[in-house]
Amino acid sequence: MTRETKSWQDIPIAGVCWKPATEYHTGDWRTFKPVYASEKCKKCLLCSMICPDAAIKWNETKEVVEFNYDFCKGCGICANECPGRAIQMIRESGE
Amino acid sequence: MTATTWKFTAKEIVEKPELFTSGHRACAGCGSAIALRQIMKATRGPTIVTNATGCMEVVSTIYPYTAWKVPWIHTAFENAAANASGIEAALKAMKKKGKLHESVDVIAFAGDGGTFDIGLQALSGAVERGHDFLYVLYDNEAYMNTGIQRSGGTPYGASTTTSPAGKVLLGKAQLKKPIADIMVAHEIPYAATASIAYWQDLVRKARKGLEVEGPAFLHVFSPCPRGWRYETNKTIEIARLATETCVFPLWEAKEGDYSLSPQSKIIAMKPERKKPVTDYLKTQGRFRHLFKGGAEHMLQDIQKIVDKRWSRLLRRIREGS
Numbered sequence: 001m002t003r004e005t006k007s008w009q010d011i012p013i014a015g016v017c018w019k020p021a022t023e024y025h026t027g028d029w030r031t032f033k034p035v036y037a038s039e040k041c042k043k044c045l046l047c048s049m050i051c052p053d054a055a056i057k058w059n060e061t062k063e064v065v066e067f068n069y070d071f072c073k074g075c076g077i078c079a080n081e082c083p084g085r086a087i088q089m090i091r092e093s094g095e
Numbered sequence: 001m002t003a004t005t006w007k008f009t010a011k012e013i014v015e016k017p018e019l020f021t022s023g024h025r026a027c028a029g030c031g032s033a034i035a036l037r038q039i040m041k042a043t044r045g046p047t048i049v050t051n052a053t054g055c056m057e058v059v060s061t062i063y064p065y066t067a068w069k070v071p072w073i074h075t076a077f078e079n080a081a082a083n084a085s086g087i088e089a090a091l092k093a094m095k096k097k098g099k100l101h102e103s104v105d106v107i108a109f110a111g112d113g114g115t116f117d118i119g120l121q122a123l124s125g126a127v128e129r130g131h132d133f134l135y136v137l138y139d140n141e142a143y144m145n146t147g148i149q150r151s152g153g154t155p156y157g158a159s160t161t162t163s164p165a166g167k168v169l170l171g172k173a174q175l176k177k178p179i180a181d182i183m184v185a186h187e188i189p190y191a192a193t194a195s196i197a198y199w200q201d202l203v204r205k206a207r208k209g210l211e212v213e214g215p216a217f218l219h220v221f222s223p224c225p226r227g228w229r230y231e232t233n234k235t236i237e238i239a240r241l242a243t244e245t246c247v248f249p250l251w252e253a254k255e256g257d258y259s260l261s262p263q264s265k266i267i268a269m270k271p272e273r274k275k276p277v278t279d280y281l282k283t284q285g286r287f288r289h290l291f292k293g294g295a296e297h298m299l300q301d302i303q304k305i306v307d308k309r310w311s312r313l314l315r316r317i318r319e320g321s
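As given, the protein sequences belong to chains A and B, one line each in that order. Mapping the first sequence onto my numbering, position 29 (from 1) lands on 29, and the numbers just tick up by one. Mapping the second sequence onto my numbering, position 26 (from 1) lands on 26, and the numbers just tick up by one.
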């Protein structure tokens, strides 16, 4: 990360945040990764509602849930709660 | 559209745009982040959010990033409710002057430190003045973002960094303040307790709180994996256990009349379904010292406190009906 010096004139009034958090990817915090088996999915959408990071979305056309690995922190709540056991947590392959 | 007629489906809620977006920096498995996401799904139109200092303020707006897609104002620890009062009064004045023609909802978010301890007088004043806003307390039972210090919301026996379990003390020696009952005593139009484990119930209550005329108070139970010392994937499981053991019963009170929510009503009708409080305590590291032997009296005390508060709640409900 490059750090450039900024003067007070470059900071917005009242220090207002101006970048959407969606530009900051929290996915690299992850140790375990959720893997989805669509055939076991009961399509209850519970996983999507209880995801703290809004990283699980319903795909209307394919009728599956999709994980956004840019933001998933790998907490595993979805895998723990899934009534059909359609989500499994596996260790990220080390890079 | 009122809460009684607002019938939503899971799909409808899931497809609603995220007003509290991904990319916030809450810990993995954060219960409060789940609460905020779910509550922001219950909004009915333009909404202004004000946030007391606390976990959710810190994680959602780390400069220059913001996870909010609504106008959002950070305020000091003690005055989320005062700030919400000001916003609501300004909206009213703008309407009077003809500068604003639509209705705008105001939500104040604060943690347990900002509600039980520091923000209580601002909240009490705002409710007494009758401002039309929804106050959401996301309760993770200690000052989590500063390093797990005990608050008025920390339960009896819990070990925190300022009430550590050791040879002299076995965790916090005082009881958890019954904050929602304090708000009901203000004769607030709407007060409710909710849990992230039951999202339909939570979303419906948040919507009711927004629709009611005047102040509304929502106490949301939000487990914290860091501070309560459990694996990140157990957040919802522990929240559910809290309701099943009656540690955190779910109810709502309209104009001071209590009624139980379905998840707790089942336990009231079938008392054999009430789980022992140890089922809940043993899931968390902050109560670990109670299971090491020599603290059986504490476990009995906790069960007694829970039973006493539960029967008091049932009595209030019987009186109300």
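Worth flagging that the hints you see were computed from the coordinates, not collected in a lab. Don't be surprised by glycine CBs; every beta carbon is placed ideally from N, CA and C. Check each hint, because a few of them may be wrong.
Dumping the calculated DMTMM-like pairs for lysine to aspartate or glutamate here, alpha-carbon to alpha-carbon at most 25 Å [what the hints assert, rightly or not]:
#1 A/K42 to B/D257
#2 A/K43 to B/E18
#3 B/K16 to A/D70
#4 A/K43 to B/D117
#5 B/K275 to A/D10
#6 B/K274 to A/D70
#7 B/K16 to A/D10
#8 A/K62 to B/E231
#9 A/K43 to B/E237
#10 A/K40 to B/E237
#11 A/K57 to B/E231
#12 A/K40 to B/D132
#13 B/K16 to A/E63
#14 B/K265 to A/D10
#15 B/K16 to A/E66
#16 B/K69 to A/E92
#17 A/K57 to B/E12
#18 A/K42 to B/E15
#19 A/K42 to B/D279
#20 A/K57 to B/E237
#21 B/K11 to A/D10
#22 A/K33 to B/E102
#23 B/K11 to A/D28
#24 B/K69 to A/E39
#25 B/K7 to A/D10
#26 A/K57 to B/E15
#27 A/K33 to B/D307
#28 A/K33 to B/E15
#29 B/K69 to A/E81
#30 B/K11 to A/E63
#31 A/K42 to B/E296
Going by beta-carbon spacing under 10 Å, a handful of chain B positions derived as facing chain A [claimed, not checked]:
#32 I13
#33 P164
#34 G166
From the derived model, a few chain B residues whose C-beta atoms are all more than 12 Å from chain A [to be verified]:
#35 E15
#36 D181
#37 I182
#38 G256
To test your reading of the hints: which numbers does this structure violate?
The structure breaks hints 1, 4, 5, 6, 7, 8, 12, 14, 16, 19, 21, 22, 23, 24, 25, 27, 29, 31, 33, 34 and 35; every other hint is satisfied.
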